[in-house]
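Residues per chain are reported as follows:
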Amino acid sequence: MMHQTILSGTPTALTSRDAHLRLDGLTKRYGDTEAVAALNLDVPKGELVALLGPSGCGKTTTLRMIAGLITPSGGRIVVGRSDITQMPVYRRDMGLVFQSYALFPHMTVARNVAFGLEMRGVSKPEIEQRVREALAMVRLEPLAERRPRELSGGQQQRVALARALVIRPSILLLDEPLSNLDAKLRDEMRNEIRDIQQNLGITAVFVTHDQVEALSMCDKVVVMKGGKLEQVGTPVDVYEHPATPFVASFVGRTNRLEAMGKGDGTAIAGGAVLRIPSRAQGPVEIMMRPHRVRLTDSDGASASGGEGTNRLDGRLSRVTFVGDLLQYHVDVSGTELVVEAASDHGRVFRAVGAPVSLMWRVEDTMVFGRTA
Amino acid sequence: METNPTSLPMKILVFLLFLFLLAPVILVVPISFSGEQILSFPPQSWSLRWYTALAGNSAIISAFWTSLLLGAIVTVLSLAAAIPAAYVIVRMRTMGSGFLYNLFTAPLLLPTIVLGLAILIVFASAGFLGSFWGLVIGHLVITLPYALRVLATTLGNLPLACEEAASTLGGRPLTVFRRVTLPMMAPGIVAATALCFLVSFDEVVITLFLTGPRLTTLPVELFHHVESRADPLVASVSVLLILLTLAVVMVVDRTVGLSKTFVK
Ligand SMILES: Nc1ncnc2c1ncn2[C@@H]1O[C@H](COP(=O)(O)OP(=O)(O)OP(=O)(O)O)[C@@H](O)[C@H]1O
Ligand SMILES: [Mg+2]
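Those protein sequences? They're chains A and B, same order as listed. The first sequence lines up with residues 745 to 1116 when you count with the working numbering. The second sequence lines up with residues 505 to 768 when you count with the working numbering.
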């Protein structure tokens, strides 16, 4: 693999350093609004952590505070054993890939990538060697002598990546570095970034609002909302055991159902009694993943399910074909629920308007206390 | 640039507009080759006598060199002051940077005659009248605001992210400025250079107050010349200046591109 050539270069002190990143009550206020509110986060050395959240939730602000580009209103940033909150940007030794690429327009691609090495006083021949390797890694060798404005968005993004990686930073910060690539290239770059990060043991924070990206390539996922942490956990954790309704609906698709908990492990919803893995009492929110729900004919004997199964009856209102999946939209007494099933050449077996039943296992039922 | 097909009436209109704008410039060319004693159009006879006369006119030639040197020094000093000033005002954004910007560009709004009188009063008591460095300071008052305005606008339009990227890559503030900010400001710097030089080279009002019998600039010398004699000598000077301007414009166009420098 190409990145292995990167590894063969002279080892630097940078990566061997203890690059354990810790955010301690990190806060950024703009006027009255808190863009980032008392964020606590621990990123062990060599881990890739995703900051996942909707637009405007403070991801970029957090990343820029870590890089030293904006001064926090409060809290501390600690790397290893040293507090770097007040350390100037240029001494932090972090690679940052900007959301807007921020390539130097007056320099060629090769000079862009060489910049960080020149700042570090690396010798000319070594710079040349490492720039070539970095460009090979992002598959841009043939474009080394072009100017940034002569590149496509995706190509510029890869130059930005090469420029940040070539300095072998102890901490790598990526602000949606793959947002402008096509699906195939994005997949490749994901694996490439992950390989490099793991091989060099770089501690990395990866900002994205693409949940697939966060789940598939990161050790840990941090879900943010309105400047606050919603949940921190492994991808499986966050997907299977979302801490809040927001996390459940932001990470992966969900069905949402309002219900009344009875306090005995059951709840009433859509005119039926549902078993829930909780003794919640009062108004609750019930969620389940569309692909964990099965669709059956409502009158069939098989529809009874059994002990460990929940069942709701409704009417099929719409069927959507999305390639590998069919999405059945079912109207259950006014609430629309979605069932996903593997598509067999797009064949639909039920007519729109037909009465159907939804069935899912009790353990696939997520329950949240309802706020408001 | 793509050329759009333009309709005929539009072409004629544009041609007439250009003719109107360029008429004075076009007129001086035939007048400069006049064989007459006084300014008239069209000339009755043709000759090169006014170019010969110009070559022998030491007052105008020495005034030209004074203007050239003055323009060059004023331009260099303007840029040397305006580049750091623009950086501090636009990038550092300390308290009152907006106020400072307005203060420094205020002379653009004042009538030049008022400035000239004020400078005259100050210089008269300081003994700066009729001195070269007095002229330099006087011209700086006019050119600095232009330079600051052009450079601040240029810098304000540059994405901050490039400089930020350079600093995350390990560039210290001064290195970032030299390697990233300054090269990215190049079009603005070229524009400011051309503007400062032309403004200084062309300046009459303030200069009239500050020049003396032994020290004068080209525009002031021409002004005095026309006052006493209305001969076509000024036309031949004008033609030479037009050629000089064309040469500068072409150099700028070849190096950075005109539209990139002045448009936007
Ligand atoms: N300079 C600023 N002044 C005032 N408010 C700001 C400033 N920068 C950011 N904000 C606000 O802070 C919040 C967080 O912004 P941030 O750029 O961190 O969002 P983000 O999570 O990166 O979003 P996106 O996914 O769209 O990039 C936003 O509400 C934004 O309006
Ligand atoms: Mg952002």
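Read the hints as simulated data drawn from the structure, not as lab findings. Keep in mind that the hints are not guaranteed to be accurate.
As the list claims (entries may be wrong) - According to the in silico footprint, chain A covers these stretches of chain B (three or more CB under 8 Å from chain A):
| # | region |
| --- | --- |
| 1 | 659–666 |
| 2 | 686–698 |
What the hints assert, rightly or not - Not close to chain B: a few residues of chain A, all C-beta gaps over 12 Å, as computed:
| # | residue |
| --- | --- |
| 3 | ASN784 |
| 4 | ASP786 |
| 5 | ASP837 |
| 6 | ALA987 |
| 7 | GLU1002 |
| 8 | ARG1019 |
| 9 | ARG1038 |
As the list claims (entries may be wrong) - Far from chain B by the CB rule (all over 12 Å, computed), these chain A residues:
| # | residue |
| --- | --- |
| 10 | ARG766 |
| 11 | ARG808 |
| 12 | VAL833 |
| 13 | VAL841 |
| 14 | SER844 |
| 15 | GLU862 |
| 16 | GLY865 |
| 17 | ARG907 |
| 18 | ASP931 |
| 19 | GLY1014 |
| 20 | ASP1088 |
| 21 | ASP1108 |
| 22 | PHE1112 |
Model, not experiment: these values are computed from the prediction. Glycine residues also receive a C-beta, built at the ideal position from the N, C-alpha and C atoms.
Consistency of the hints with the structure:
1. 659–666: holds (count 3)
2. 686–698: Per the Cβ count (3), the hint holds.
3. ASN784: 24 Å, holds
4. ASP786: Label holds. Min Cβ-Cβ 22 Å, cutoff 12 Å.
5. ASP837: 7 Å, violated
6. ALA987: 33 Å, holds
7. GLU1002: GLU1002 of chain A clear of chain B: closest Cβ-Cβ about 45 Å, beyond 12 Å.
8. ARG1019: 53 Å, holds
9. ARG1038: 50 Å, holds
10. ARG766: 20 Å, holds
11. ARG808: Violated, since 8 Å does not exceed 12 Å.
12. VAL833: 4 Å, violated
13. VAL841: VAL841 of chain A not clear of chain B: closest Cβ-Cβ about 9 Å, inside 12 Å.
14. SER844: Label violated. Min Cβ-Cβ 5 Å, cutoff 12 Å.
15. GLU862: GLU862 of chain A not clear of chain B: closest Cβ-Cβ about 8 Å, inside 12 Å.
16. GLY865: 9 Å, violated
17. ARG907: 7 Å, violated
18. ASP931: 26 Å, holds
19. GLY1014: 51 Å, holds
20. ASP1088: 49 Å, holds
21. ASP1108: Check passes; 45 Å lies beyond 12 Å.
22. PHE1112: Check passes; 40 Å lies beyond 12 Å.
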